[in-house]
Every structure is written in structure tokens, then in C-alpha cells.
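Input sequences plus hints: build the corresponding full structure.
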Amino acid sequence: MTDHRQHANVYKADFAKLGESTVTPQLLTIRRQALDRFLALGFPTTRNEEWRFTNVAPIARTPFRLARDNGAQIDDRVLNSETLDPDWPRLAFTNAHATPACSSARVRQDSLVIESLAGRLAGEPRGLPPDLTKHASFDQEAFTALNTAFLDDGAYVVIPRNLVFEDPIHLIFVSAAGGNGDATVSHPRSLIVIEPGSQATIIESYVGLADGVYLTNAVTEIIVGHDATIDHYKIVREEPRSYHIGATQIHLSRNSTVSSHTISIGGALVRNNITAVLDGEGAQCTLNGLYVTCGREHVDNHLRVEHAKPHCDSREFFKGILDDNSRGVFTGRIIVHPDAQKTDAKQTNMNLLLAEGARVDTKPQLEIFANDVKCTHGATIGQLDADAIFYLRSRGLAPETARAVLIHAFAGESVEKIRPQPLRRQLQQILLKRLPHGELLQEAV
Amino acid sequence: MLEIRNLHAGVNGREILKGVNLSVNAGELHSIMGPNGSGKSTLAQVLAGRDTYEVTEGQVIYQGRDLLEMAPDERAREGVFMAFQYPVEIPGVNTAYFLRAALNAKRKHHGLDELDAVDFLAFVKEKIKLVGMDERLLQRAINEGFSGGEKKRGEVFQMAVLEPALAIMDETDSGLDIDALKIVANGINHMRNAQSAIIIVTHYQRLLNYVVPDYVHVLIDGRIVRSGGKELAIELEEKGYVGIEGTGAATQPVTAGRGVS
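Top to bottom, those sequences are chains A and B.
What the first sequence shows, in this note's numbering, is residues 209 to 653, in sequence order.
What the second sequence shows, in this note's numbering, is residues 15 to 275, in sequence order.
Mixed in with the good hints, there may be bad ones.
[To be verified] Here are a few chain B residues that face chain A, going by a calculated C-beta distance under 7 Å:
(1) ALA62
(2) PRO86
(3) ALA90
(4) MET96
(5) VAL102
(6) ILE104
(7) GLY106
(8) VAL107
(9) ALA116
(10) LYS120
[Stated by the list, open to error] Chain B side only, calculated, beta carbon under 7 Å to chain A, not exhaustive:
(11) ASP87
(12) ARG91
(13) ALA115
(14) ALA119
[Stated by the list, open to error] Pair by pair, the computed Cβ-Cβ distance ranges are:
(15) A:PRO630 / B:ARG19: 53 to 61 Å
(16) B:GLU71 / A:ASP593: 26 to 34 Å
(17) B:PHE137 / A:LEU592: 23 to 31 Å
(18) A:ALA309 / B:GLU128: 41 to 49 Å
(19) B:ASP80 / A:GLU624: 42 to 50 Å
(20) B:HIS124 / A:LYS582: 50 to 58 Å
(21) B:ASP148 / A:ASN533: 41 to 49 Å
(22) A:PRO266 / B:ARG28: 50 to 58 Å
(23) B:GLY51 / A:GLU257: 52 to 60 Å
(24) A:ALA563 / B:GLU71: 34 to 42 Å
(25) A:GLN629 / B:GLU128: 25 to 33 Å
(26) B:PHE137 / A:ALA265: 55 to 63 Å
It should be emphasised that the hints constitute simulated quantities derived from the structure, not laboratory data.
Cβ atoms here follow ideal geometry from the backbone N, Cα and C, with glycine treated the same way.
This is the structure we're talking about:
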């Protein structure tokens with residue numbers, strides 16, 4: 209008998225306790241289907257090709273209780289340090305429950321929506337937003353099924369037609385383990401709809417409040433209408449003993465432009481499932497990423513880009529810096545459907561190993577069913593360049609400084625792609641603390 | 015300033031330098047010439063502290079200290095500079111940032127205040143004029159996308175910023191067109207002064223048309239076989255290295271010149 213079945217009762221018990229009174233019958237049905245699907249699938253094992261390099265047994269064997277919002281409060285310090293710009297609309301969540309006191313979002317005005325999903329589900333008019341659960345399929349994804357079974361709250365953003373929304377919208381998800389030492393799980397669920405002709409910037413920050421064992425099991429669906437543009441950032445900075453499984457499901461329509469950045473710098477085990485479906489001619493999708501690991505951390509970026517229509521471009525650019533005994537996984541699957549002629553897809557994964565014990569598995573997977581396409585991929589795994597270190601030292605930089613300069617330069621290429629300045633500065637500061645000998649650089653800056 | 019005594023060095027057990035003796039005083043410009051494979055670059059790299067080369071015998075005394083005991087970065091902070099034959103491209107590292115870090119590492123080492131960004135920029139903009147380069151390159155990554163000639167000029171520019179006591183220029187003239195060669199020569203001439211010494215390692219004498227050396231040494235098969243004044247370079251140009259080789263190895267230390275090392 210496998211572990212997940214041992215703990216199935218824990219999930220079933222918490223499912224039974226979910227409030228049903230404020231939820232529509234339609235959502236209840238979806239939740240039940242999702243729970244059934246989760247119970248049938250069970251947690252994946254490394255025998256599943258999609259999870260070959262990432263062993264979630266530590267998650268499967270932990271009896272995670274559903275985290276409550278009353279267990280932990282976001283204190284002002286956390287909120288202040290996470291606030292990137294006080295003028296930006298902000299939605300904060302504690303264990304996937306909206307924390308209105310810490311949110312500063314404008315609510316609905318002229319069909320602009322920036323609110324908590326629970327608010328929408330409970331409000332008038334009641335009912336599910338039409339796109340919710342439509343794109344992130346839980347048929348084969350146990351974690352998405354589990355998230356959907358507990359679908360309750362998260363962010364709901366709608367940028368109405370032909371609106372250029374200048375300020376980045378900041379979504380802050382704080383996870384905290386239960387006060388009594390119980391391992392807890394939360395299931396943030398977000399829906400972001402960029403209607404035709406609109407533009408927006410969305411930042412999702414996932415952070416931990418206190419050291420403890422918790423699982424953040426997030427799903428975000430992003431629907432981008434024709435001729436719309438989104439700049440999306442997902443920052444994962446969980447606590448050292450915690451787990452983060454997140455799905456980013458992006459749907460692109462005709463002539464839409466998506467750039468999505470996934471930055472992982474914290475968590476015992478982080479898995480980012482990033483899926484983009486280019487479902488209209490002329491769509492352009494850029495997926496960037498950076499992962500920085502140390503200790504025994506494990507980060508897995510699992511990308512799937514589906515070219516469903518002709519004349520679409522996709523770019524993937526992921527970089528990893530791995531220290532100590534940490535491990536990285538990159539899977540880049542590109543599927544070009546028979547119709548999708550003139551597809552232009554490019555994938556790059558570069559890894560820097562800082563220690564003997566660090567390891568990366570990188571795997572491109574191209575499945576091309578059209579004949580007039582351009583698909584390239586490249587992966588590198590290397591160490592710091594000895595020639596470059598010598599060059600810097602020959603000018604007087606101490607060896608640690610030379611190494612630090614080169615490591616930050618490697619990360620810098622990804623960080624520079626981050627457009628909102630306050631976010632870029634925050635990440636630069638975090639990286640200075642996190643990467644070896646960053647303090648030497650602060651001195652030199 | 016620099017005293018090389020019976021220096022033997024090689025790579026992977028293969029001896030390349032087979033007993034080099036050389037003495038360089040402050041204020042002097044020496045040129046070390048030799049055919050390909052004679053050990054010129056090995057000598058430059060050993061002096062800069064490249065650890066791929068193993069010193070098996072001999073001594074190098076720099077300003078009264080054992081140079082070979084010093085780490086490459088310490089040598090640099092103590093005033094040794096090598097202009098690379100093949101300058102390394104370092105994507106993502108801003109040139110101005112790098113040079114300020116280098117200069118401040120050196121200043122700190124000598125107990126001087128570090129330069130802030132404003133003072134540094136003013137200082138460095140003067141220096142970059144010396145090599146006729148666009149000051150926008152300061153905001154670019156080190157050597158990234160530079161042509162061969164730009165890289166060489168960049169080395170001379172870095173040398174001007176760091177103001178070394180001892181500069182070793184490893185084939186700085188190779189790959190330069192005549193205009194760039196003149197610019198580089200002009201830069202080197204600007205930096206000649208009574209307190210510092212320059213060693214130019216080169217295959218050809220053409221740079222020496224513009225930079226007049228005090229001493230010329232011919233390095234063949236890991237030994238300095240002849241030393242002389244600037245006229246030796248001209249003789250080399252006429253006869254080639256084959257003509258020189260026949261004259262036999264001069265294994266005595268070459269002691270030259272003005273001042274005391």
C-alpha cells in the first residue's frame with residue numbers, strides 16, 4: 209500500500225470540512241470530481257516519465273492538514289518587506305486565504321477586477337468565472353486535481369478589453385506551517401484574464417512566513433485574449449523545509465504576447481509546471497526562468513509549450529545556479545501540431561554548478577508534427593570559467609570576489625529581463641545574500 | 015624592480031622555459047622577442063601567476079619579494095599587470111564596475127581611500143581617451159563582442175587605469191592594423207615613466223617602430239640567447255630568428271641599466 213493511500217483519509221477528512229454553504233453546486237461538482245481524480249491518480253512516482261527526476265515521496269508520506277487562515281497572520285514586517293511599491297494594487301493571501309487588511313487592490317470598476325476569488329465566489333452575481341478550471345486540466349495531474357478539489361481562494365484578475373493597466377498587480381501568497389508543528393498544505397488558485405487588446409503586468413510572490421513543514425500547491429490560469437499582452441512573474445521563495453508545487457497554465461490567442469518569468473530561490477522541493485498553449489496565429493510566448501539552489505534543495509522546471517496554430521513564436525530561456533548537494537531538473541517539451549506551420553521555437557537551458565555534489569538533469573523534448581518549422585534547443589552544464597577567474601584575479605580581484613562577480617553575472621542575464629524595477633532590485637538584493645560571497649559585491653558596488 | 019634568475023617552467027611535465035635570466039629596472043622598457051613556441055607567452059603567464067604553468071626551478075624577485083609565492087591577485091595589487099594575448103570575454107560583467115573593483119582593490123591594499131562611482135568615472139574617462147575608445151564601452155560587458163583590435167586596446171586602457179609598476183604586454187601588437195598599432199604605441203609611450211617598467215613580449219619588431227625599447231632580448235627554446243639595445247630588433251628584422259640562433263646561448267644574467275631594482 210502506498211503512502212498517499214495511507215493519507216487519503218487525511219485529505220478526505222479535510223475535504224469533508226470544506227464550507228459548502230457559500231459555494232455554487234457547479235463548483236461543488238468540480239471539487240468532487242477533482243478529489244475523486246486525485247484519489248485515483250495518487251501522487252506521482254518516479255516511474256511516471258513526467259516525474260522521473262523528481263521524487264515527491266516526502267510529500268506523499270507527510271500527512272498534510274489543510275492550512276487555515278486563522279493559524280497564522282501576516283505580520284506587518286513580512287508585508288512591508290514584500291511590498292514592492294505601495295502604489296501598486298496588491299492582494300495578499302495567508303495560506304491561500306485572502307488577507308484583506310494587507311491588500312490594497314482596487315476592486316471592480318468598469319469591469320476591471322482585482323479581487324480574491326473567494327470574494328467573487330461568495331459575491332453577486334454568484335457563480336464561477338467562465339474560465340476557471342477550463343485550462344488547467346486535472347485529468348493527469350494529481351497536484352492540480354488536489355488543488356481543484358480544495359479550490360476556494362486565490363487571486364481573480366480581469367483586465368477588460370483595450371485597457372493598458374500600467375501598474376504591476378502584485379499577488380502575495382504567504383504560507384505558514386501550523387502553530388502546533390503540524391505539516392500543513394494550502395492550495396492557492398488564481399485566475400488571470402487579459403481581455404483582447406489589453407496589457408498588464410502580474411507578479412506572484414510565494415513566500416514562507418516561518419520555518420516549518422508546509423506544502424504550497426498552487427495553480428494559476430492565465431488567459432490572454434487576442435492582441436493582448438501580459439508580463440508575468442512568479443517568484444518562489446519558500447522556507448527551507450517546505451515544498452512548492454505550482455502550475456502556471458497559459459492560454460494565448462491570436463497575436464497575443466506573453467512573457468512569463470519563473471524565479472525559484474527557496475524551498476526544499478520546488479516544481480514549476482509551466483504550460484503555454486499558443487492557440488492563435490501570430491502569438492508570441494517567452495518563458496524565462498532562473499533557479500538558485502543550495503544545501504539539498506531540489507528545483508524542477510517542467511515546461512510544455514504547445515504550438516497549436518501557425519506563425520507562432522516561442523522562446524524558453526532558463527538558467528540555473530546550483531551549489532552544495534542541490535539538484536536541478538529542466539524539461540522542455542515543445543509540441544508542434546500538424547497545423548502549426550511556420551512555427552519558430554527556441555529553447556535554451558544553461559546551468560552553473562558551483563560544487564562537486566550539485567547535479568542537473570536537463571531534457572529537451574521536441575515533438576514536431578508539421579514540416580515547415582524552426583525548432584532549436586540547447587543546454588549547457590558547466591562550472592565557472594577558469595580563464596575568466598584568472599583574468600579577474602590578474603586585475604587584483606581576490607578569488608572569492610572573482611567567483612562572486614562571475615556567478616552574479618550568470619544570474620544577471622535573467623535578472624535583467626525583469627522589467628518592474630522594484631522587483632528587479634528586490635531580487636538583486638536577495639541574490640546578493642543568497643549566492644556565495646555576495647557581501648563582497650555589495651562592498652564593491 | 016624585477017630579477018628573474020634561472021627560471022625553469024613548463025606545463026604537464028614538458029619544460030618550456032629552460033633557465034631564463036633577466037633583470038629589469040624601474041624606468042626601463044624591455045622587449046622580449048622570439049619565434050613561435052620559444053616560451054615568450056609562458057614567461058608572461060608565469061610572471062602573472064597562471065597556475066597551469068609549473069615552475070620547476072629558479073627565482074623571480076619583484077620589488078625585493080618572491081613573486082612566485084604571491085597569488086595572481088596579490089601580484090596585481092602589488093603593481094604587476096599583464097596585458098593578455100587573448101583577453102577573455104566576460105558576459106554580464108560591466109567594464110566600469112569591474113575596473114573600479116580592481117582599482118579599489120589595489121587602492122585599499124595600499125591604504126588609500128576607495129574611489130566612489132563619480133570620481134572613478136571622471137578618472138576613467140580621461141584614460142579611455144588615451145586609447146581612442148568610445149566611453150560607452152565602459153557600460154558594456156568586459157570584452158564582449160569586441161573585435162580583436164578593440165580587445166588589445168582595451169588591455170592598454172586597463173593598464174592606463176591601473177597604473178602598474180610592472181606591465182607585461184603579451185603580444186599586444188598582434189592582430190592590430192596600423193592605426194590601432196599607433197594608438198596602442200601612443201598609449202604605451204604615455205605610460206613610460208621613471209617609476210615603472212614595461213616588458214613587451216612580441217614576435218615582430220613592428221611595434222618597436224613606435225615604442226623604442228631600452229633593451230631587446232631574444233628568447234629561443236626557453237632561453238635568452240642574446241640581449242642588446244634597440245638595434246638588435248632591427249637586426250632581427252633583417253636576419254630573422256634563424257640568423258640569431260647560430261650565435262649561441264647567452265646564459266649569463268643580463269644586467270642592464272639605470273637605477274637599482
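How the hints compare with the structure:
{"no.": "1", "hint": "ALA62", "in the structure": "holds, 5 Å"}
{"no.": "2", "hint": "PRO86", "in the structure": "holds, 4 Å"}
{"no.": "3", "hint": "ALA90", "in the structure": "holds, 4 Å"}
{"no.": "4", "hint": "MET96", "in the structure": "holds, 6 Å"}
{"no.": "5", "hint": "VAL102", "in the structure": "holds, 4 Å"}
{"no.": "6", "hint": "ILE104", "in the structure": "holds, 5 Å"}
{"no.": "7", "hint": "GLY106", "in the structure": "holds, 3 Å"}
{"no.": "8", "hint": "VAL107", "in the structure": "holds, 5 Å"}
{"no.": "9", "hint": "ALA116", "in the structure": "holds, 4 Å"}
{"no.": "10", "hint": "LYS120", "in the structure": "holds, 5 Å"}
{"no.": "11", "hint": "ASP87", "in the structure": "holds, 4 Å"}
{"no.": "12", "hint": "ARG91", "in the structure": "holds, 5 Å"}
{"no.": "13", "hint": "ALA115", "in the structure": "holds, 4 Å"}
{"no.": "14", "hint": "ALA119", "in the structure": "holds, 4 Å"}
{"no.": "15", "hint": "A:PRO630 / B:ARG19: 53 to 61 Å", "in the structure": "holds, 59 Å"}
{"no.": "16", "hint": "B:GLU71 / A:ASP593: 26 to 34 Å", "in the structure": "holds, 31 Å"}
{"no.": "17", "hint": "B:PHE137 / A:LEU592: 23 to 31 Å", "in the structure": "holds, 30 Å"}
{"no.": "18", "hint": "A:ALA309 / B:GLU128: 41 to 49 Å", "in the structure": "holds, 45 Å"}
{"no.": "19", "hint": "B:ASP80 / A:GLU624: 42 to 50 Å", "in the structure": "holds, 43 Å"}
{"no.": "20", "hint": "B:HIS124 / A:LYS582: 50 to 58 Å", "in the structure": "holds, 56 Å"}
{"no.": "21", "hint": "B:ASP148 / A:ASN533: 41 to 49 Å", "in the structure": "holds, 46 Å"}
{"no.": "22", "hint": "A:PRO266 / B:ARG28: 50 to 58 Å", "in the structure": "holds, 52 Å"}
{"no.": "23", "hint": "B:GLY51 / A:GLU257: 52 to 60 Å", "in the structure": "holds, 54 Å"}
{"no.": "24", "hint": "A:ALA563 / B:GLU71: 34 to 42 Å", "in the structure": "holds, 36 Å"}
{"no.": "25", "hint": "A:GLN629 / B:GLU128: 25 to 33 Å", "in the structure": "holds, 27 Å"}
{"no.": "26", "hint": "B:PHE137 / A:ALA265: 55 to 63 Å", "in the structure": "holds, 59 Å"}
The structure fails none of the hints (numbered hints given earlier).
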